[in-house]
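Protein chains: 2
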Amino acid sequence: MRDYELTSATLAAALADPALESMNFLNEIASRYPGAISFASGRPTEEFFDVAEIHRYIDIYCEYLRRERGYDDAMVRRELFQYGRTKGLIHELIARHLDRDEGIRADPEALVVTVGCQEAMFITLRALRATDRDVLLAVSPVYVGLTGAARLVDLPIWPVRSGKDGIDFDHLAAQIAKARAQGRRARACYLMPDFANPSGTSLTIGQRRELLEVAAEQDILLLEDNPYGLFHDGEHMPTLKALDRGRSVIYLGSLAKTGFPGLRVGYVLADQRVLGRGLLADELSKIKSMVTVNTSAVAQAVAGGKLLRHGCSLRAANHRETATYLRNMRSLLAGLEDRFTGSAVTWNRPCGGFFAVVTTPFPADDAALEHSAHEHGVLWMPMRHFCTENAGDRQLRLACSQLSAEQIETGVDRFAAFVTSYGPTACS
Amino acid sequence: MRDYELTSATLAAALADPALESMNFLNEIASRYPGAISFASGRPTEEFFDVAEIHRYIDIYCEYLRRERGYDDAMVRRELFQYGRTKGLIHELIARHLDRDEGIRADPEALVVTVGCQEAMFITLRALRATDRDVLLAVSPVYVGLTGAARLVDLPIWPVRSGKDGIDFDHLAAQIAKARAQGRRARACYLMPDFANPSGTSLTIGQRRELLEVAAEQDILLLEDNPYGLFHDGEHMPTLKALDRGRSVIYLGSLAKTGFPGLRVGYVLADQRVLGRGLLADELSKIKSMVTVNTSAVAQAVAGGKLLRHGCSLRAANHRETATYLRNMRSLLAGLEDRFTGSAVTWNRPCGGFFAVVTTPFPADDAALEHSAHEHGVLWMPMRHFCTENAGDRQLRLACSQLSAEQIETGVDRFAAFVTSYGPTACS
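So the sequence lines, in the order shown, correspond to chains A and B.
Taking my numbering, I'd label the letters of the first sequence as residues 48 to 475.
Taking my numbering, I'd label the letters of the second sequence as residues 48 to 475.
Calculated directly from the structure, the hints in this document are not laboratory data.
Don't take each hint at face value.
Some but not every residue of chain A turned toward chain B, in silico, with C-beta under 8 Å [unchecked claim]:
{"hint": "1", "residue": "Asp50"}
{"hint": "2", "residue": "Thr388"}
{"hint": "3", "residue": "Ala391"}
Take a look, some chain A residues computed to stay more than 12 Å from chain B by CB distance [stated by the list, open to error]:
{"hint": "4", "residue": "Glu115"}
{"hint": "5", "residue": "Arg173"}
{"hint": "6", "residue": "Phe387"}
Each residue gets a CB set at the ideal place from its N, CA and C atoms; glycine is no exception.
Input sequences plus hints: build the corresponding full structure.
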């Protein structure tokens, strides 16, 4: 019998989109150069991983169900083993965390616990994509996970330039006006206001207030994604959601860096009202029920245990990790200063998060990365992968979250050697 | 500031689809009648749930990583905590299970571990939906999770009648021909060949072979969903995938009933070649990376531990559960026989699985269910919820998986009282 064979043309067109390849690209090049020092991957530090903690968190969560929720043993077992509430099990604990760490007063019923923040983005975009006239604005450069999710639900992304300050309000207004002029509708604007991936930049308090005003005036939603906000040096800026007085903000939450990635637990806070129905969270929950049914109860129990262990403060839970990230960022920035001050190479100076951006005098493209990996043993991420328009050709992202101080020192040496040797060649 | 408010018209049209409401409907009515005996829910038995097992499975999995895979402690920690392989971590263990329990020789690289079988369905349908001329065939009545997922990716479902034998081949051929005549393309036919949800029926070996021949001739894929196949009385029919010689079958696997629902671990076996690319599994993996990134490593570790604990045989792992399900099915069928033999009520006689179907002399609709719940304290599922066409009005699904022998006995009494009292009224 002849084998059934498929062709690309008979599969979803989104599969040919570069956004769906970018994550694989990063993994692939990392696997080909296992000896390279990687500034490419924004993974969390592995310094404090401890399998015993998983057991402990499960026990803490079960104890909480018994003591605080009054569950008997059969109910505890059911909670961990059986199908559960579509909107999730640990919504109240997440609401406590949001109150404690972010000053966000969240109605637990407006939370949907998701399979990582990726699912939160996906179901939100799926819900907001009503017709082919809808478009999504996103501050560019854009996290590839957002681009890929938007592609899967056939929602075009229109970039909003970040300029040098984090967001170009004139361009935002222009894009909204352009959509209107075309009979289209800008549903929402996606951004990471704190230590953005990939740009590393944060909005000022003034920009946050201005953005909320624009959203209200223009009748668009803001999709606030905040995976890195807690890794700061003490000057914590309020999130958009904490400042939101008109329910303009859908808050996308991740526990991948503040919990751990292996959980795949995230959430979305969607407290908007849907006329004649209820909360937007309930509509998102309906979509979730057809994508993943619900989020693993075991994973939620571990996440819940970690929250409970630290009084629902993920800031407190991550004090060691935060110290590591801040030390690493300082080392990276000092390393760049040592080697590139006075040169044609420039970079930004984030005061937290995982990422910094370097501007090079030559195209920092995949070919340059291949050269850097092969000749100099150092990896980074071409900014081009995060750009939906023709931009970012001479920029690259350096992530320092997963490295040791020594690796950063050696890595910056290698990076400097790469830039010095590659630059003139590429520019000649 | 005025609150941002949404309207249904500005959200995905799929949200208004009855399929997305059906699962909620079931949960909602169950919560309103907590004292009712529920034949509505096809949840697995809770008899053998044991939180200590979760701890044990994690330990077994870590031990396997050390002994069989040669991982050091840092690698074990990384496996459970860090971002992982998009296609999953326990693919080799699942391949062993498929070999051992189903006689399916699966290339582990052709497996994608998913967030339950629901995500497996979702990403498969998303991949197969290339243009608006694509349609999906599905043996009707259809599992609502399939209908909902298809709706979310804008893939119309054309029902194929099951007739009294499980599948009406003439109707299948007619639907394929009709699609072709309309310039459309039937991509695949979805079905559960073993103890289907909701019909309880299984295909004979002859029907399986015929279906594979039709698929090859007509150039369509078969989507085989098999959550209940292992719960049989000893006469195990080969799955379509075990008989598949032309890679016509995409096999959708669930561990919700054979592992436990709280894991949310399932998988898809997609060993089809995509011209110039690779395996279909790799294309599905790209979609998954934009829906959930990867499946919780913690949940996979628990699932992997359960597989390892039983030599990768889920049949062996479930010998107690299977005994419970078979006992329950026999009690249910005997109960129906006692009360309805010679009446206008008829039913089928599955020899395994979770479900039986009763045909009533009156419309077994939501109003009848409300009456049954309110007046008689017994719940069941109107078949209408599983039908994409105008059918099933006088049928209902009885699930017996989660009940005790006593509950079934009492439940059938209540059900008989409901039918006796409601039938004449409704028919008058």
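Tested hints:
no. : hint   : in the structure
1   : Asp50  : holds, 5 Å
2   : Thr388 : violated, 35 Å
3   : Ala391 : violated, 35 Å
4   : Glu115 : holds, 17 Å
5   : Arg173 : violated, 6 Å
6   : Phe387 : holds, 30 Å
Hint violations for this structure: numbers 2, 3, 5, all remaining hints satisfied.
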